[in-house]
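Participant: Going line by line, the protein sequences match chains A, B and C. Using the numbering used here, read the first sequence as starting at 504 and increasing by one per residue. Using the numbering used here, read the second sequence as starting at 504 and increasing by one per residue. Using the numbering used here, read the third sequence as starting at 504 and increasing by one per residue.
To be clear, the hints were calculated from the coordinates, so they are not data collected in a lab. Predicted model only: the values in this text are computed from it and were never measured. Positions of the beta carbon are idealized from the N, C-alpha and C atoms, including for glycine. Take these hints with a grain of salt, some might be off.
[Claimed, not checked] Among chain B residues calculated to face chain A with C-beta under 8 Å, some are: (1) Ala525; (2) Thr529; (3) Val543.
[Said to hold, decoys possible] Label pairs and their calculated CB-CB ranges: (4) B:Pro540 / A:Pro551: 18 to 26 Å; (5) B:Glu608 / C:Pro540: 45 to 53 Å; (6) C:Arg582 / B:Arg530: 40 to 48 Å; (7) C:Gly596 / A:Thr639: 32 to 40 Å; (8) A:Gly642 / C:Trp630: 19 to 27 Å.
[What the hints assert, rightly or not] Every beta carbon over 12 Å from chain C, so not counted as near; a handful from chain A, in silico: (9) Gly514; (10) Glu627; (11) Gln629; (12) Trp630; (13) Arg635.
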Amino acid sequence: MPLYQCLSPEGLLDESTRGNLAEEITRIHCDATGIPPSFVNIIFLDMPSGRYFVAGKPAALSVLNGAIRVGRDLAIRQRILRELSQMWTRLTGQPEGELLISLWENPPGNVMEAGLIFPEIGQEQQWFVQNRDRLTELGML
Amino acid sequence: MPLYQCLSPEGLLDESTRGNLAEEITRIHCDATGIPPSFVNIIFLDMPSGRYFVAGKPAALSVLNGAIRVGRDLAIRQRILRELSQMWTRLTGQPEGELLISLWENPPGNVMEAGLIFPEIGQEQQWFVQNRDRLTELGML
Amino acid sequence: MPLYQCLSPEGLLDESTRGNLAEEITRIHCDATGIPPSFVNIIFLDMPSGRYFVAGKPAALSVLNGAIRVGRDLAIRQRILRELSQMWTRLTGQPEGELLISLWENPPGNVMEAGLIFPEIGQEQQWFVQNRDRLTELGML
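Using the sequences provided together with the hints, build the complete structure.
Facilitator: Below, the structure is given as structure tokens:
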């Protein structure tokens with residue numbers, strides 16, 4: 504966690520652009536929150552044409568849904584939204600008017616990654632210490 | 504926002520049915536909430552057979568997930584659920600017994616559309632006034 | 504409800520493994536919560552390679568998202584997380600380090616299945632009695 508899912512029109516992204524977007528989403532999330540990059544998960548999904556509608560008419564938007572831990576300051580969440588929106592437009596050429604970005608907050612006690620229950624915001628250091636061996640073995644620290 | 508995602512068995516929907524469903528979902532949401540149609544986003548995703556299970560056995564259900572702003576009255580949310588369910592059955596022939604519909608509520612401060620943070624419920628008019636130029640340019644007003 | 508969505512790398516799962524996973528996810532959820540198996544919905548989605556990134560680099564993780572009713576004890580939620588994680592690794596051979604599992608809680612009043620609004624946790628028996636004819640007709644009781 505976080506997990507960012509990016510739905511976009513088939514053909515908008517090539518392999519190289521996906522790699523660049525993944526690096527930038529990771530950087531934006533880590534800069535805003537201070538977590539290590541090894542916890543940032545990103546998925547890209549292509550949407551065939553004719554499957555997206557706005558106002559009941561066919562459209563070609565991209566949708567980013569980010570699952571994050573509950574409790575981040577509003578300023579941090581909105582910084583992430585703003586930077587994602589501008590970065591996506593810069594790297595893909597798709598205008599901000601065709602982009603819908605949402606963050607979804609989940610209590611970390613509802614999340615298991617690599618067999619470990621996630622820590623609350625602010626309790627990461629203690630959690631890193633407690634699970635150092637496991638996280639090091641997995642290359643996450 | 505809202506964003507409705509509709510997962511259905513491959514082959515259930517053709518292009519024309521998708522268009523009709525999109526119009527009806529848009530109409531149902533706007534009638535219940537009063538927002539302009541230009542804010543209603545809808546995605547259709549096909550599921551190959553053998554990928555959906557109920558009670559551990561293969562099944563052929565459709566799943567509608569609607570992401571909406573937090574704070575709508577329960578009566579509005581359940582009106583949307585009921586009308587979506589009946590409308591889906593009417594347009595697709597799929598019985599209500601094969602349909603799972605959920606609304607997911609998100610604080611609008613966690614949502615950015617067209618580069619703009621979303622307003623709270625009840626604060627739309629002020630937000631429309633503040634962002635009139637941008638929204639008009641995008642054809643959303 | 505619940506609805507479990509399982510995203511995994513294309514080629515990881517064959518038809519037989521999907522069936523076994525569906526049986527086990529259903530069993531784990533029902534053992535932990537006491538609900539009948541007929542309410543457990545599971546979807547599998549394949550992800551082509553090059554679409555999943557961790558730390559900005561291509562990776563091959565699986566993601567399980569479970570939509571459940573709000574209000575389950577933390578111990579029940581974390582039992583489900585732990586058992587899902589271990590079971591997935593046992594049946595697929597994919598190490599726990601490549602698995603991200605989240606539960607997402609929704610008020611049951613936001614959910615309609617088979618044309619019926621869902622009951623709160625603890626009010627199932629009354630709901631079963633009220634809707635016995637409909638649920639029996641659908642094979643859900």
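Participant: Taking the hints in turn, state whether each one holds.
Facilitator: Each hint tested on the structure:
The restraint placing Ala525 of chain B at the interface with chain A holds, with a minimum CB-CB distance near 4 Å, inside the 8 Å limit. Below 8 Å, beta-carbon pairs count as interface contacts, and Thr529 of chain B has one with chain A at about 4 Å; its hint therefore holds. The beta carbon of Val543 of chain B comes within 6 Å of a beta carbon in chain A, closer than 8 Å, and the hint placing it at the interface holds. Evaluation of the 18 to 26 Å hint for Pro540 of chain B and Pro551 of chain A yields a pass: the beta carbon distance comes to about 23 Å.
Take Glu608 of chain B and Pro540 of chain C: their Cβ atoms lie about 28 Å apart, and the range 45 to 53 Å is violated. For Arg582 of chain C and Arg530 of chain B, the Cβ-Cβ distance of about 43 Å falls inside the hinted range of 40 to 48 Å, so the restraint holds. One distance hint, 32 to 40 Å for the beta-carbon pair Gly596 of chain C and Thr639 of chain A, is violated here, with the actual separation near 23 Å. Remark: the range hint 19 to 27 Å for Gly642 of chain A to Trp630 of chain C is contradicted by a beta-carbon distance near 47 Å.
No Cβ of chain C approaches the Cβ of Gly514 of chain A within 12 Å, the least distance being about 14 Å, so the stated non-interface status holds. Chain C leaves Glu627 of chain A outside its interface by the beta-carbon criterion, the shortest separation being 16 Å against a cut-off of 12 Å. For Gln629 of chain A, the requirement that its beta carbon stay farther than 12 Å from each beta carbon of chain C is met, with the minimum near 18 Å. Residue-level check passed: Trp630 of chain A sits 15 Å from the nearest beta carbon of chain C, beyond 12 Å.
Every CB of chain C is more than 12 Å from the CB of Arg635 of chain A (nearest about 15 Å), matching its label as outside the interface.
In the structure shown, a violation is registered for the earlier hints numbered 5, 7, 8, in ascending order.
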